[in-house]
Amino acid sequence: MITREVCERVLRKAASSGADYAEIFAEHTVDHSIKMIADRVDNISDRIIAGAGIRLFKGLRSVAASTTDTTEQGLMRCAQRAADALGQGSAEISIELKERLFGDIHPIKTVPATVSNAEKIRVLKDGYFAAKEFSPEIKQVTGVLLDVDHGILVANSEGLYAEDRQIRTRISINAVAEHNGETQTGFYGPGRRMGMEMFDSEVDARAVGLKAAQQAVTMAAAGYCPAGVMPVAIGNGFGGVIFHEACGHSLEASSVAYGLSQFAGKLGTQIANPKVTAIDDGTIPNAWGSINIDDEGTPAQRKVLIEKGILKTYMVDKFNGRRMGMPSTGSARRQSYGYVTTSRMTNTFIAEGEDNNDDIIASMEYGLYAKEMGGGSVNPATGEFNFAVNEGYIVRNGKICEPVRGASLVGKGSDVIMNIDMVGKNLDLGTGMCGSSSGSIPTTVGQPLIRVSKITVGGR
Amino acid sequence: MDFKAFKQEAAKAAESLGIKEYELYYTSSEDTDISTFRHEINEFSSSVSGGVCFRCIVDGRMGYASTEELSEAEAQSVVRRAKENASVIENDDRQFLTEGGQKYREPESRKYKLPETEELIKKALEGDKKLYEADKQIIDGSAAGTGVTTVRTAIVNSKGLDLSYEASAAYFMADAVVSDGKEMSDAYKMVFGSYDELDIGAAVGEAVEKAKAMLGYDVAPTGSYPVVFAPEAMTSLLSAFSGIFNSENVQKGLSRLKGREGEKIAADCVSLIDDPFYPGNGVNIGFDAEGSPTETKNVIENGVLKTLLYNLKTANIAGVKTTGNAAKAGYAAPVEIRPFTFYLAAGSVSEEELFKNVGEGVYVTSLGGLHAGANAVSGDFSLQSAGFMIEGGVKTKAVKSFTVSGNFYELLKNITALSDTVKLPRPFGITAFGSPAVAVRGLTVAGK
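Chains F and U, in that order, are what the protein sequence lines are. Under the working numbering, the first residue of the first sequence is numbered 1, with each subsequent residue one higher. Under the working numbering, the first residue of the second sequence is numbered 1, with each subsequent residue one higher.
Be aware that a few hints might be false.
Computed list of lysine-lysine pairs in DSSO-like fashion (alpha-carbon distance at most 27 Å, straight line) [stated by the list, open to error]:
#, chain 1, residue 1, chain 2, residue 2
1, U, K413, F, K139
2, U, K258, U, K328
3, U, K111, U, K4
4, U, K423, U, K297
5, F, K35, F, K13
6, U, K397, F, K412
7, F, K139, F, K98
8, U, K397, U, K423
9, F, K266, U, K212
10, U, K7, U, K306
11, F, K412, U, K395
12, U, K252, F, K139
13, U, K252, F, K412
14, F, K266, U, K182
15, F, K35, U, K413
16, F, K125, U, K83
17, U, K306, F, K139
18, U, K252, F, K125
19, F, K275, F, K454
20, U, K328, F, K35
21, U, K448, F, K454
22, U, K159, F, K454
23, F, K412, U, K448
24, F, K139, U, K258
25, U, K448, F, K275
26, U, K136, F, K35
27, U, K129, F, K58
28, U, K212, U, K395
29, U, K212, U, K129
30, U, K448, F, K399
31, F, K98, F, K58
32, U, K122, F, K58
33, U, K264, F, K139
Rather than coming from a laboratory, the hints here were simulated on the basis of the structure.
Let the hints inform the model, and build the full structure from the sequences given.
This is the structure:
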């Protein structure tokens, strides 16, 4: 992408005003998506994202500059801009880059660019029409097949020069169902850090469409969820968004380093119910949120964040790690070169527990079974979060009863994580995009079926 | 290479591939952002980003391709890729490119003075100092931020269209974190405009006041109440549901407003206006993303749906004239539809009078989780909320950690009154949302 020699000259220029760390992140990304709506291929987005970002640290200060001009002159101008912003001076630092190969733990069998549009459209149509033909109540379907080939290069003043190529594929189907004048939607969108072989081994496009359609039809006939405080069982897979929001964001160094986290200063203490063990693991082969190296060039790690309720570690990037006196945990991520890297999650999940899934539902006299969750958000400082429930059912006398629509869950992370009092055995992962200061990045959430003893359910 | 040279290369490539109808859409943005931590500059970032989207009509189908790499090879590549992409598109709706030579209303020019980096740093540190001096409960983690943002867009096509605009502004942001020793609370306020006129004192005051108001909060009791939405909360709702007025969504069955033009869809007191020239927004623009002239229009007038928002394609399908609302969510995105400054018109009473009229209810000052808790198709919402109780006709104690649930289509009909001042919480952008405080009857609150 950019040669070692050019990187050396650019880093020297960037560090010339006294930085004690200098870094170049360059990327060349092919971002391709096909969208279907109204039974037709509606649009193809076909985009090259290319540019570079330079970061400098001096003590606890960070400077970042980015450019779309990756010629040597363009990079030198960007380096000068960064150096000027850091301060004056004419420091000479010697930089000798050594190329490192970290290896690829996520093999790709079919690089998306080598597959024709026609072949991709065939797969998308399988999913699309499975949803459309599921029921006459399905009035509209939107389908998207996305593939991304994200090539990155990281070089820094510590001598690192490394590249990685991150390929991802995702199919998402959104179905709209109408029942007696009521309109509801269903969604399913699995993805992997894989090429088109995802559809041979991992994901059945038709099953994706069916799941979205089934959810829409179920919800269109459902009544509103009642409001109030009640026990809630949250389904496996994407249900893990509850940990991601209620707890995960507050364990990122970008919040913790500034004291803006409900869990700052709590290492080694009990922050969660002893039933809860939570892990962030960027090394799961071909999982959606996996990486080989992070966007500062640190190899991906598996970290136990919480072990039986005790806080073990945070997710740390190099810059925030300085303030915390902690090394990077391979958690530095950015959407692209124009964003400033910070600590983020990869594949983050609650580990399997010892409760039988049947016992979890049977334990509830009255409550909500949130089978499929939607997205959510959190304020990491206070831990106040919210999630949408995409598919919910009332539980009465230990039995799953009628479906309910329009539910949301709100509360405080530090409370809810203490209230996870049953953890089941069917761990699964779910695909998501996570938005934060360094942009939108692919992350996996996950958990087995869990029970939260009480939580506020928003309904009507 | 620059956009001009890229354009020429692309034109050559188009000609050699026999492409007659094409357009190039270029965006470039420059942003500088500075923030403080404990009285020092903590982070500085200066980013330049942007790219070119090439789209062309081949056999009646529109194909797109984009790049951020402005080179000869990429100019040829986007043209070839766009043509290839067009060949598999099945959407056979009539596609349009705009002829050059139309008349456009010139927006009143707003030349904001942009500061040098040193001045920005000074202002950030000054803001940081003011924050810490503003209140004893301010704690570390509070931050001041300053920056400048500039956006340039150009549209040129094979039919002689050649349009461009540039908008820029400076901003100041106060992020106040307060603690009473037990609980933490935070709030921020951002102001945009000319560097000289950024009122940092007012921004700091507002952020601190908002953060402090939420200390020692209670949880709202579960029940059905009248709700008063503050402008910040109402604009969140309006932005989440603005897509229901998008004619493309209506035509594809993703909005319930199909066939409702000319019908009453809201209470009599409700008027909703789309204004590309709204004086309170730092970005005014005389043409849309297809190069059609923009115009101010009432979308809802005294409760009646007067028009949806159209671009050339959807207007053609509906047999009407475009409203000039073509928009792109980024240079590489397909042409969609968005409003400009989209705001609910002011009513005639003060906020205090709204509280008085409501008597007993909830005043919602902020809504969270809109990307998840608001379903733009069904209109259902169930959202994390914060605000105050309204008791005996006045605003009383702070309440948090509750949800407000309802349906946007029903909410429009259940608006009982609007206050007399429209606010734009983020007054800089091609799309911006505005609202006065709005009283709504009968929404479900879930709390304790």
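Structure-based check of all given hints:
Taking the CA atoms of K413 (chain U) and K139 (chain F), the gap is about 26 Å. The hint holds against a cut of 27 Å. Straight-line distance between C-alpha atoms of K258 (chain U) and K328 (chain U) comes to about 23 Å, which keeps the hinted pair within the 27 Å bound. At roughly 24 Å between alpha-carbon atoms, K111 (chain U) and K4 (chain U) fall within 27 Å of each other, so this suggested pair holds. A hinted pair counts as satisfied when its Cα atoms are at most 27 Å apart, and K423 (chain U) with K297 (chain U) qualifies at roughly 19 Å.
Pair hint K35 (chain F) plus K13 (chain F) does not hold up; C-alpha atoms about 44 Å apart against a cutoff of 27 Å. With a C-alpha separation of about 20 Å, the suggested pairing of K397 (chain U) with K412 (chain F) holds against the 27 Å cut-off. A C-alpha spacing of about 58 Å is found between K139 (chain F) and K98 (chain F), which places the hinted pair above 27 Å, so the restraint is violated. For the suggested pair K397 (chain U) and K423 (chain U), the alpha carbons sit about 24 Å apart, so the restraint of at most 27 Å is met.
A distance of roughly 25 Å separates the Cα atoms of K266 (chain F) and K212 (chain U); the hinted pair therefore holds under the 27 Å criterion. For the given pair, K7 (chain U) sits about 40 Å from K306 (chain U) by alpha-carbon distance, which is inconsistent with the 27 Å threshold. Only pairs whose Cα atoms come within 27 Å are accepted, and K412 (chain F) paired with K395 (chain U) is accepted, the gap being roughly 25 Å. In summary, the hint linking K252 (chain U) to K139 (chain F) is supported, as the alpha carbons are separated by about 9 Å, within the 27 Å threshold.
Distance check on the hinted pair: K252 (chain U) and K412 (chain F) sit about 39 Å apart at the alpha-carbon level, beyond 27 Å; violated. Taking the CA atoms of K266 (chain F) and K182 (chain U), the gap is about 15 Å. The hint holds against a cut of 27 Å. For the hint pairing K35 (chain F) with K413 (chain U), the CA-to-CA distance comes to about 35 Å; that exceeds 27 Å, so the pair is violated. For the proposed pair K125 (chain F) and K83 (chain U), the alpha carbon gap of about 22 Å is at most 27 Å, so the pair holds.
Between K306 (chain U) and K139 (chain F) the alpha-carbon distance is near 26 Å, which keeps this suggested pair within the 27 Å criterion. Under the criterion of a C-alpha separation no larger than 27 Å, the hint pairing K252 (chain U) with K125 (chain F) is consistent with the structure, at around 18 Å. With a C-alpha separation of about 16 Å, the suggested pair K275 (chain F) and K454 (chain F) falls inside the 27 Å cut-off, and the hint holds. Pair hint K328 (chain U) plus K35 (chain F) holds up; C-alpha atoms about 16 Å apart against a cutoff of 27 Å.
Under the criterion of a C-alpha separation no larger than 27 Å, the hint pairing K448 (chain U) with K454 (chain F) is consistent with the structure, at around 11 Å. Proximity of K159 (chain U) to K454 (chain F) is assessed by CA-CA distance (about 63 Å); at most 27 Å being required, the pair is judged violated. Straight-line distance between C-alpha atoms of K412 (chain F) and K448 (chain U) comes to about 13 Å, which keeps the hinted pair within the 27 Å bound. A hinted pair counts as satisfied when its Cα atoms are at most 27 Å apart, and K139 (chain F) with K258 (chain U) qualifies at roughly 14 Å.
Between K448 (chain U) and K275 (chain F), the direct Cα distance comes to roughly 26 Å. Compliance with the 27 Å bound is thereby established for this hinted pair. With a C-alpha separation of about 54 Å, the suggested pair K136 (chain U) and K35 (chain F) falls outside the 27 Å cut-off, and the hint is violated. Taking the CA atoms of K129 (chain U) and K58 (chain F), the gap is near 22 Å; set against the 27 Å cutoff, the hint holds. Using a Cα cut-off of 27 Å, the hinted pair K212 (chain U) and K395 (chain U) holds, with the two alpha carbons roughly 15 Å apart.
Taken as a hint, the K212 (chain U) and K129 (chain U) pair is honoured in the structure, with Cα atoms around 18 Å apart against an allowance of 27 Å. A hinted pair counts as satisfied when its Cα atoms are at most 27 Å apart, and K448 (chain U) with K399 (chain F) qualifies at roughly 25 Å. Using a Cα cut-off of 27 Å, the hinted pair K98 (chain F) and K58 (chain F) holds, with the two alpha carbons roughly 23 Å apart. Among the hinted pairs, K122 (chain U) with K58 (chain F) is consistent with the structure: their alpha-carbon atoms are about 19 Å apart, no more than 27 Å.
At most 27 Å may separate the alpha-carbon atoms for a hinted pair to count; K264 (chain U) and K139 (chain F) meet this at roughly 25 Å.
When each numbered hint is compared with the structure, violations occur for hints 5, 7, 10, 13, 15, 22 and 26.
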